[in-house]
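Peer 1: Chains as they are written, first to last, in the UniProt record's numbering: chain Z, 1 to 198; chain B, 1 to 249.
No wet-lab data here; the hints were simulated from the structure. Do not take every clue at face value.
Stated by the list, open to error - Capping the alpha-carbon separation at 16 Å, the derived lysine to aspartate or glutamate pairs in EDC-like fashion look like this: (1) Lys203(B) x Glu220(B); (2) Lys62(Z) x Glu100(B); (3) Lys159(B) x Glu180(B); (4) Lys62(B) x Glu220(B); (5) Lys62(Z) x Asp68(B); (6) Lys62(Z) x Glu91(B); (7) Lys62(Z) x Asp101(B); (8) Lys184(Z) x Asp39(Z).
Keep in mind it's a predicted model, so treat the numbers as computed, not measured.
Residues per chain are reported as follows:
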Amino acid sequence: MECVFGMVGKGFALVVADTSAVNSILVHKSNEDKIMVLDSHKLMGASGEAGDRAQFTEYVQKNVALYQYRNGIPLTTKAAANFMRGELATALRKNPYMVNIVLAGHDKETGPSLYFIDYIATLHKVDKAAFGYGSYFALSMMDRHYHPNMTVDEAVKLADQCIEEIRSRLVVAPQNFVIKIVDKDGAREHSWRRTTKD
Amino acid sequence: MARYDRAITVFSPDGHLFQVEYALEAVRKGNAAVGVRGTDTVVLGVEKKSTVKLQDSRSVRKIVSLDDHIALACAGLKADARVLINKARIECQSHRLTVEDPVTVEYITRYIAGLQQKYTQSGGVRPFGLSTLIVGFDPYSGVPALYQTDPSGTFSAWKANATGRNSNSMREFLEKNYKETSGQETVKLAIRALLEVVESGGKNIEVAVMTKEGLRQLDEAEIDAIVAEIEAEKAAAEAAKKGPAAKET
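I would like the entire structure built from these sequences, with the hints used as guidance.
Peer 2: Next comes the structure, spelled out in structure tokens:
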């Protein structure tokens, strides 16, 4: 019942993820941060098998950091997305990572971008993306209300509408959500949407 | 003697590893490098040869970052340095990946020294021809540290040290003039030591300062300013020594 979704606005990109860590019928915690800050200007929202998620996202994060030390400049969002896709593709026919990722980044030259990367190494550059059961509701809401060059307030309002839809229509809806944003000033947490305190 | 310096795995009868000693010779011919540890700062300074006019100096960085909180300078074969630095950078990230914590300065020094030692005890390889000065801040205690490694694979911590060309004169100077300093005073001490053996001027030395916030490379203008300060202090000290009779207005 995990959901991760994101969208691109004017000069920024937004990623929203639920924060529940679930095992069968037990909720381990409801403040699990699934949106990793990959580097100063990239956000990676990941959903899927918890072990694979941690393993893969941390591996990518360290490799992105290594690239920066070796080359003196950070990877572009596109390069990071392609690196991730390559790793997923290599592992696919041996020992697949069951992780779905929404990668959001901001580059000085090209501005904000959003990438949809699923567990079988599909890579798409998109304006809006969503994973999980919540994607049925989030994508529909975004299809209806999204328009290019939204302001931060408009985008957050749309994210709230998606969260509202997920909360009311999904049978086992996640309790809390976190919203993170990346723009020219960097990647950072924007806000939480809680129904329970952990 | 000539028969004992072929393959480095062979000891000579009087207990020498000649290849390692020859590697140390290569270090002695390399550019001068100095490191000074203060209470809240640790500084690295390296000599820069300014005779190459057509070279793009931005592509020759002599003080490199291994991680956010660790930097390295070296004297000796720069191509060998590239290999060691690359391996060290990977190890820094690998450590973060496996234990979710940054490396300590001692850990990464031990790793680099271990690599250098491995190449003194393997078949068909030669030792790395460089000594490194590694500086950084311990991520847990916030204490600054300075370490040195050499081609034999030994390492130790220092309050201040020098390696490369004329390192003995620099070390002598540091031994005479070292005292616990902080901030800008540490930078000045490092530059003063370097100026003992290097032509004065911002374009002949590269200086980097490591604080808790990270590594900062000083630009030419800043270095020139500090050099000017040092020269002024030296001139004032000279004048004072000459006594009140020769004191100028």
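Peer 1: For the pair we were handed, Lys203(B) and Glu220(B), check the Cα-Cα distance against 16 Å.
Peer 2: Holds, at roughly 6 Å.
Peer 1: Is Lys159(B) close enough to Glu180(B), meaning Cα to Cα at most 16 Å?
Peer 2: holds, 9 Å
Peer 1: What's the verdict on Lys62(Z) and Glu91(B), does the C-alpha distance respect the 16 Å limit or exceed it?
Peer 2: holds, 11 Å
Peer 1: Keeping to a limit of 16 Å between CA atoms, is the pair of Lys62(Z) and Glu100(B) held or broken?
Peer 2: The hint holds at about 10 Å.
Peer 1: Is the Cα-Cα distance between Lys184(Z) and Asp39(Z) 16 Å or less?
Peer 2: holds, 13 Å
Peer 1: Are the Cα atoms of Lys62(Z) and Asp68(B) separated by 16 Å or less?
Peer 2: holds, 13 Å
Peer 1: Sort out whether Asp101(B) lies within 16 Å of Lys62(Z), counting only the CA atoms.
Peer 2: holds, 12 Å
Peer 1: Need the status of pair Lys62(B), Glu220(B): alpha-carbon distance at most 16 Å?
Peer 2: holds, 14 Å
Consistency with the previously given hints is maintained throughout, with no hint failing.
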